[in-house]
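Student: With chain A's structure known, arrange chain B with the ligand on it following the hints.
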Amino acid sequence: MSEYVIIGNGVASVGCIEGIRSSDKESGITVVSAENHFVYGRPLISYLLEGKTDIDHINYRPEDFYDQNNCKVLYGKKAVSIDKKSGKVVLDDGSALPFSSVCVAAGSCPFVPPFKGLEKVTNKFSFMTLDDANALGAAVTKESKVLIIGSGLIGLKCAEGIFEKVASITVCDLADRILPSIFDAECAGIMQKHLEKKGIKFILGNSASEFKENRAIMQDGSEIEFDVLVLAVGVRANVGLVKDLGGEVNRGIIVDEKMKTSIDDVYAAGDCTEGFDVSFGRKRVLALLPNAYMQGYTAGVNMAGGEKEQKDAIPMNSLGLFGLHAMTAGTYEGELYEEKGEDFIKRIFTKDNVLKGFIIIGKNERAGIYTSLIKNKVPLDTLDFEALRQGASTLIFSKEERKKIFGGLQ
Amino acid sequence: MKRVYVNEEWCLGCHLCEYNCAFACSGLKDMAEALKGKPIYPRIHIEGNESISYAVSCRHCTDPICVKSCISGAFSVKDGLVSIDQSKCVGCLTCVLVCPNGALALGETGVMQKCELCTKNECGTPACVTGCPNRAIVFEERGEQ
Ligand SMILES: Cc1cc2nc3c(=O)[nH]c(=O)nc-3n(C[C@H](O)[C@H](O)[C@H](O)COP(=O)(O)OP(=O)(O)OC[C@H]3O[C@@H](n4cnc5c(N)ncnc54)[C@H](O)[C@@H]3O)c2cc1C
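Order-wise, the sequence lines are chains A and B.
Following the working numbering, the numbering of the first sequence begins with 1 at its first residue and continues without gaps.
Following the working numbering, the numbering of the second sequence begins with 1001 at its first residue and continues without gaps.
Chain A on its own, in the form it takes in the complex (with noise of 0.2 Å):
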């Protein structure tokens, strides 16, 4: 019998259970909760405050989930450490839990620059969790000015959250454009001004330089009255517990495709790891959601005994602030073809023979047949590329890849 602990209670650690459990069902596995809550799907925080969905319907499984799958969970309660000449994971109430292999799947913290005079701001939070979204929600009003230093996709999605709860809301970010990460300037650029059709304000290529109580001095000198402040610059990915035993990390825990670390039975898995890119070509911190449930299941099958490898990981986002709707997927090298119109632009781009990326926003239907060309390298001049320029469809393959994939022809 072997012994599993698994620290983080968020998906990844879900895809580990469920990893373990495909092939293990005895062992004991022990999950480790700082949050006390039963496991939700982290992205749905903005949509619960925006009542788009209810705490009844947050659970991101069943919940019979952890009975089912034979697990304890201890909530409210943190790692400390990886102790490994004895083997067990130290705990922040003392006691310690004996494991034959660990999953670190501490997924990431609010990053908070050392803004001057932060510390005298009452009404100040971040976007992270579900208790963040819900002393945000208890503390603003209709009559609320909100600023929200950050424009990346946790920020807007806060912004969309709380919009129709607020009186005013000011996005700042030091960053030139809107949403950096996945966007080119003018992508950035057609979603901040339907942004700002919807009445969000923008303060870009500036940002606080210090607090003064309620009001934001910013970089130029400029200043923003608020009532309610919204942290949102950036996150990092928690190494520490790797970190403190020697592993290797990096800006995330350095995984290889099995999800081992440089440290022997000890795992990570989802936004508190570096992965490999295959659109990239290298490793980088893709802290999303199907990528941590992937991660996950990986670690967990390995865990068991078992072998599985995941290759094929990619950037991607599909992302809908008030009623516009983007998708992105890949890095954007090579080729560039586009297409544009109102509310509309697509972006697909190719190098050596493969999709690289692509960002479309408007018409993203059936952008998902683009996303698994870009993850499983397929090579262009086996499809139809003119069809696939023209839209993402089935189409594009040859017949007898539509057999395959509609006539179960193995």
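Hints listed in this document are in silico derivations from the structure and should not be mistaken for laboratory results.
There may be inaccurate statements among the hints.
A few chain A residues that face chain B, going by a derived Cβ cut-off under 8 Å, partial list only [as the list claims (entries may be wrong)]:
no.	residue
1	G51
2	G320
3	L324
4	N364
Heads up, the beta-carbon is just placed ideally off N, CA and C, and yes, glycines get one too.
Tutor: Then chain B with the ligand, alone, in the frame of chain A:
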């Protein structure tokens, strides 16, 4: 497991499967009431060009990436059938971003809907299959798990 398979040589491109699907999943008894004079939201759709056409619906993949990618845990798979709990879906479209066959689309209410092989209605054999005039859509066991 029995699945819906299509034969593009036989498809007439008549779109009847779309209507039969929308009706079967509407929960209504009267076809006119369910479909007449309004946009329909079928879970199967015809794709094609001048020379071919064929019906596209969920393949119930043996390793379904939609299930692994869903941000709200709304998808699940049981005995090979991939289904969705619409009460959990928030319409984020991550499943559309990952479905390699382009088989998923939003329903009328802005949440995802998908082919569940008519297991949640009283059709027995899926309605797209029963209603196909040229047997271009069949419901068979073809050795996929
Ligand atoms: C507002 C928001 C919107 C998002 N939207 C999307 C989206 O649309 N699509 C998408 O793909 N991704 C989205 N993401 C990212 C997505 O939520 C993450 O990629 C995913 O949740 C990562 O899962 P994880 O299990 O790796 O980490 P987490 O979900 O972060 O889980 C890690 C858990 O470990 C706990 N933990 C940390 N350290 C310890 C310790 N020492 N001991 C015990 N427990 C510990 C943490 O408290 C946390 O609960 C969004 C994120 C946010 C915040």
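Student: For each hint, tell me whether it holds in the structure or not.
Tutor: Results of checking the hints against the structure:
For the restraint placing A:G51 at the interface with chain B, the shortest Cβ-Cβ distance is roughly 11 Å, beyond the 8 Å limit, so the hint is violated. For A:G320, the shortest C-beta to C-beta distance to chain B is roughly 6 Å, which falls under 8 Å, so the interface hint holds. The criterion of a C-beta within 8 Å of any C-beta in chain B is not met by A:L324, whose closest approach is roughly 12 Å, and the hint is violated. Because the closest C-beta pair between A:N364 and chain B is about 7 Å apart, less than 8 Å, the hint holds.
Hint compliance for this structure: hints 1 and 3 are not met, and every other hint is.
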